[in-house]
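S.K.: Which chain is which? The protein sequence lines are A and B, in order. Using the numbering used here, the letters of the first sequence map in sequence onto residues 225 to 557. Using the numbering used here, the letters of the second sequence map in sequence onto residues 8 to 485.
None of these hints come from the bench; they were simulated from the model. Values in this document were obtained by computation on a predicted structure and should not be read as measured data. The beta carbon of each residue, even a glycine, is placed where N, CA and C say it ideally should be. Do not take every clue at face value.
Estimated spans, in silico, between C-beta atoms of each pair [said to hold, decoys possible]:
id	chain 1	residue 1	chain 2	residue 2	range
1	A	Gly356	B	Ala38	37 to 45 Å
2	B	Pro387	A	Gly356	45 to 53 Å
3	A	Asp346	B	Gly307	28 to 36 Å
4	A	Asp306	B	Ala38	43 to 51 Å
5	A	Val398	B	Ile37	52 to 60 Å
6	A	Ala290	B	Val454	24 to 32 Å
7	B	Val477	A	Ala240	34 to 42 Å
8	A	Asp346	B	Ile39	39 to 47 Å
Each chain, letter by letter, is given below.
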Amino acid sequence: MVAGANGANGAAIRLAGITKRFKDKLAVDNLDLVVPTGSVCGFLGPNGAGKTTTIRMIMSIFNPDAGDIEVLGRRSAIESKDRIGYLPEERGVYRKMKVKDFLTYIGVLKGVDRGQLAKWIDEWLEKVELPGVQKKKCEELSKGMQQKVQFLAAIIHDPELVILDEPFSGLDPVNARLLRRLIDELHAQGKTIIFSTHVLHSAEQVCERIFMINNGQKILDGTIDEIRTQYDPKSLIVEPANGSLAEARSALGAVRGVHSVHDSTFVGCLEAQLDEGVDASELVSTVAAATPVRRVEIRRATLEDIFVHLVDPGDSEDSIRASLSDTTHQGGA
Amino acid sequence: MKKIIATALREFKTTALTPAFFIGAVVMPIAIWAVIIAVTAADLGGKKDPMRGTIAVIDTTRDGIVAQGFEAAFDPEVQKANKEALAEKMSAQIDKAIAENPMVANQVTPDQLSMGKTLAMRYLGLDRVHEVEVERVDQSVDRQTLRDRVKNGELLAFINVGEYTIDLPNPDPNAKSASGTPAPGTFEIVHSKTLDPEYLGDVRSMAAGIIQDARYERRDIDPKVVDQVQDNAPRAKVSLVTDTGEEGKSNALMVEILPFIFMMLLFTATMTGGQYLLMGTLEEKGSRVMEVLLSAVSPGQLLIGKMIGQGLVGAAILVIYSSLGVAAADRFNMLSQLPLGHVPLLALYFIMAYAFLGGMMTAIGAAVTDYREANALFAPVTISMMLPFILLIIIKDNPSGMLARVTSYFPPTTPFVMAMRISQPAHPVPVWEIIATMVVGFAGVGVVVWGAAKIFRLGVLRYGKPPTLVGLMKWLTE
Numbered sequence: 225m226v227a228g229a230n231g232a233n234g235a236a237i238r239l240a241g242i243t244k245r246f247k248d249k250l251a252v253d254n255l256d257l258v259v260p261t262g263s264v265c266g267f268l269g270p271n272g273a274g275k276t277t278t279i280r281m282i283m284s285i286f287n288p289d290a291g292d293i294e295v296l297g298r299r300s301a302i303e304s305k306d307r308i309g310y311l312p313e314e315r316g317v318y319r320k321m322k323v324k325d326f327l328t329y330i331g332v333l334k335g336v337d338r339g340q341l342a343k344w345i346d347e348w349l350e351k352v353e354l355p356g357v358q359k360k361k362c363e364e365l366s367k368g369m370q371q372k373v374q375f376l377a378a379i380i381h382d383p384e385l386v387i388l389d390e391p392f393s394g395l396d397p398v399n400a401r402l403l404r405r406l407i408d409e410l411h412a413q414g415k416t417i418i419f420s421t422h423v424l425h426s427a428e429q430v431c432e433r434i435f436m437i438n439n440g441q442k443i444l445d446g447t448i449d450e451i452r453t454q455y456d457p458k459s460l461i462v463e464p465a466n467g468s469l470a471e472a473r474s475a476l477g478a479v480r481g482v483h484s485v486h487d488s489t490f491v492g493c494l495e496a497q498l499d500e501g502v503d504a505s506e507l508v509s510t511v512a513a514a515t516p517v518r519r520v521e522i523r524r525a526t527l528e529d530i531f532v533h534l535v536d537p538g539d540s541e542d543s544i545r546a547s548l549s550d551t552t553h554q555g556g557a
Numbered sequence: 008m009k010k011i012i013a014t015a016l017r018e019f020k021t022t023a024l025t026p027a028f029f030i031g032a033v034v035m036p037i038a039i040w041a042v043i044i045a046v047t048a049a050d051l052g053g054k055k056d057p058m059r060g061t062i063a064v065i066d067t068t069r070d071g072i073v074a075q076g077f078e079a080a081f082d083p084e085v086q087k088a089n090k091e092a093l094a095e096k097m098s099a100q101i102d103k104a105i106a107e108n109p110m111v112a113n114q115v116t117p118d119q120l121s122m123g124k125t126l127a128m129r130y131l132g133l134d135r136v137h138e139v140e141v142e143r144v145d146q147s148v149d150r151q152t153l154r155d156r157v158k159n160g161e162l163l164a165f166i167n168v169g170e171y172t173i174d175l176p177n178p179d180p181n182a183k184s185a186s187g188t189p190a191p192g193t194f195e196i197v198h199s200k201t202l203d204p205e206y207l208g209d210v211r212s213m214a215a216g217i218i219q220d221a222r223y224e225r226r227d228i229d230p231k232v233v234d235q236v237q238d239n240a241p242r243a244k245v246s247l248v249t250d251t252g253e254e255g256k257s258n259a260l261m262v263e264i265l266p267f268i269f270m271m272l273l274f275t276a277t278m279t280g281g282q283y284l285l286m287g288t289l290e291e292k293g294s295r296v297m298e299v300l301l302s303a304v305s306p307g308q309l310l311i312g313k314m315i316g317q318g319l320v321g322a323a324i325l326v327i328y329s330s331l332g333v334a335a336a337d338r339f340n341m342l343s344q345l346p347l348g349h350v351p352l353l354a355l356y357f358i359m360a361y362a363f364l365g366g367m368m369t370a371i372g373a374a375v376t377d378y379r380e381a382n383a384l385f386a387p388v389t390i391s392m393m394l395p396f397i398l399l400i401i402i403k404d405n406p407s408g409m410l411a412r413v414t415s416y417f418p419p420t421t422p423f424v425m426a427m428r429i430s431q432p433a434h435p436v437p438v439w440e441i442i443a444t445m446v447v448g449f450a451g452v453g454v455v456v457w458g459a460a461k462i463f464r465l466g467v468l469r470y471g472k473p474p475t476l477v478g479l480m481k482w483l484t485e
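For reference, chain A alone in the conformation it holds in the complex (with noise of 0.2 Å):
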C-alpha cells in the first residue's frame, strides 16, 4: 500500500524535452516534468494543450519523437504497467460484461490474483457507494455508476502511481466529493495521483501541486502556495456596509498604501490595488477605518485567475476544437 521503487531522486514521473508531434499539429513541445513521490499533483490546460497525450505518452500507449521518460523509476511504463492505475479520458466498458467479471479481468490483466480480486472488487464496491452490483451487466448502470466502476477499474490492483484524466468530467457534486475523498484516501495511503482536470475547483481542493501547459509547452510548475504567492493580486476586496460605491472608492483611494481602486467581479464590492511591498493583512484595519464596511478581505489568486491569465484567449476551447477538427483526430490531444 506504500509507493515502493521510484526513481533515485524521489520522482514518480520524470519528463525531460519529450516532443509529440502528429502530422502538422505539435502537440507536446520539449516537456519537462517532474511528479514527487507521493504527491498529488493537478494537470491543467485548455482542451488541446496536450494533457492527453502527455499522459498517453507516459503510459507508453503513444512513444515520444524525441525526449526521455522516467516512470517509477524504469525507462517506459511498459516496464511497470502493474504498478500504475490509469483513467482514460475516454474511457469505458464491455457493455455486455458484468461488473465483477469486467473488474476481474481488468485486475488479471494488471497481474492480480483471481481470489484476492474477488475481495477487493467487493469492497471497493462498497465504499464507492455500489453495494449488489457485481452480476449487474455495465450496460444497466447509469452513466454515473458506470464511471465508478472506470474508476474502480483504474485503481482494483492497488497500484503505486494512480493517472487520472478528467475524472471529474460528468459527475454530479456529490459524486465528484465521493472522488475527491477516495483521492485523498489513496494520498494518505502514499501514493502518487497525477490527474488532469478543468474542474479547478477541485484541482485547488485537492492538489500539492499543479502543472499546466498550453500549446504542448509548460506554463505553470510548483505547489499551491508556490503559485499563490507567484501569482499574489495583492490587493484587498471591500464591501462597503451603506452601499456606496463612490463613497468608498473615494475614502479607499485616499488611504496610504492604495495604489488604485475598480470595481470588484463580486457584486457591490470594490477591489483596492496595493502599492509594491505593503502587507495587506496591516492595511486591513486601516482600509476598515477609513470607510463604513461590510467585509474586508485579502484577495487571494485562484487557480481559475491564473488560469485565464495565462491561457491566451485564442488558446480557449473552441478555439482549440476548431483548429484540431482539422487535423488528424487522435482521440484527444
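Since chain A is already given, all that's left is putting chain B on it; use the hints.
M.R.: Showing chain B alone in chain A's frame:
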C-alpha cells in the same frame, strides 16, 4: 505471457462460451437438418394436386401412334397400373440396396423403411393419377387458334408430332422439315404458363417414351426387352486398397466432394474467427474500453491475445464440424476414405489461414470506427481469399496444374488450395512442395502480423475519418 493468456481466454469465453455461439455453431445446423427431416417425415408439404385439363395432339404419324399412346397413358386405369408397377420396382430396389448393406439394415426399422418408401413414392409422383383428356387435332387447324386456346386455359398444351419424329434425328443440322411438321427426330410441346413444370416434364417424358417405343417396334425390337436390359445394367463391386493393405469400401462421390469439404471447413472456421476478431476490435474501440486495456497490456500483447482467443473459436468450429463429419463417415463405413493422416497438415493450414485473415481483420478493426467503414477495407481481403472458390472446378480437376501450383504459393490462397490438393489421394502433392508452400505461406503470415501490429498500434486510438487502403499502407512506413 500471462496477460496474453488472460486476453485470449476472455476473447474465447465471451465468444464461444455463450448461448449465441452454441446456438449458431451447433444447434442451428442440427436444427436445420431436423426441421427438413421433420417437415418431410410429417408430410407437411401436403399432397400435390394431379394435372387436370386437356392436351391437344397433332399427330401425322402413320396410324396416329403417338396420340394413341397418349390416350392410353392418360387412361386412369392404365396410369394406376403403371404407377403401381413402378412403385413395386422401386420398393424392390430399395429392399435390395438395404440387404446389400447390413450396417444400414440393422439401423432401419420396418416402420422407418415403410415411411421412406411412402415419401419416395410421393417424391416421384407415384401416388397421383392425372385427370387429362387427350384431344386429337387435325393438322389443318390453324396454329394461332391452338395458341389462343392454350392462352384461354382451354388447353394445357398442344403437342405436334410428325412421321419424321419416329425417325432418328438428321445428322445434318441444316436439314429442314416440311412446312408445319417438326424436324426429323423431334416433336413440339407448346404449353400454358399455368402448367406445373413437373407435369410439363411428365408430358415430355411420356411423349418421348411413346416415340422411343415406336422406334423400337419399327426396328422389330421388343421395348420390354430394352427395358429389361436397361434395368439390369451390370453392377461393379468397387473396392479400395486402404493404407493397411486391406480392401475397403470405395466411394467416388466422397472422393469428389472431399476437397470441397476440406476447403469449406477451413474457410468457415477461418472466417468465423476473423469476423469475431473484427467485431470485437470494433466494439472495444467503439465503447472506448480500448485505452483502459492499453493501460494494462501493450498493443502487441493485446493483438496476440485477441488473435489467439478468436483463433481458438475458429478451431472449435473446425473441431465440431470435423468431428461430425468423421462420425458420419464412420457410421457409413467410409472412415477409410478420409485422409486422416493429413489432419496435422490441415491444422497447420488452418493456423496459416486464420493468422493471415485474423491479422488483416484486427488491423482493419483498429483503423476504422464502425462496420460500414470496415466493409470497404476488407472487401479486397475477402475477395483474395475467395479466389479458390472461384477457381474451385479448375483446381480440383487438375490439382497438379499450373493454376493450382501458382495459387499454392500466393499466401492468401495457399492454405485453401493446399487443403484441396492434399485431400485428393489420386494426385499426391510432393513433400518438397508441401514444405515450400508452408514456408511461403507462413512468411506471408509473418508480414501480415507485423503490419497488423503496426496498424493496430497506430489506429487503435484514432477516431474520425477512416483511412483508405492506400492510407493504411502508408501507416506501415510511419
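S.K.: Run every hint past the structure and note whether it holds.
M.R.: Verification of the hints:
The given range of 37 to 45 Å is respected by Gly356 of chain A and Ala38 of chain B, whose C-beta atoms sit roughly 38 Å from each other. Checked against the given bound of 45 to 53 Å, the beta carbons of Pro387 of chain B and Gly356 of chain A, roughly 50 Å apart, stay inside it. Take Asp346 of chain A and Gly307 of chain B: their Cβ atoms lie about 33 Å apart, and the range 28 to 36 Å holds. The hinted window of 43 to 51 Å between Asp306 of chain A and Ala38 of chain B holds, with their beta carbons roughly 46 Å apart.
In this structure, Val398 of chain A and Ile37 of chain B meet the distance hint of 52 to 60 Å, their C-beta atoms being roughly 53 Å apart. For the hinted restraint 24 to 32 Å between Ala290 of chain A and Val454 of chain B, the CB-CB distance of approximately 30 Å keeps it satisfied. Against the hinted window of 34 to 42 Å, the Cβ-Cβ separation of Val477 of chain B and Ala240 of chain A comes to about 37 Å, which satisfies the hint. About 45 Å separates the C-beta atoms of Asp346 of chain A and Ile39 of chain B, a value consistent with the hinted range of 39 to 47 Å.
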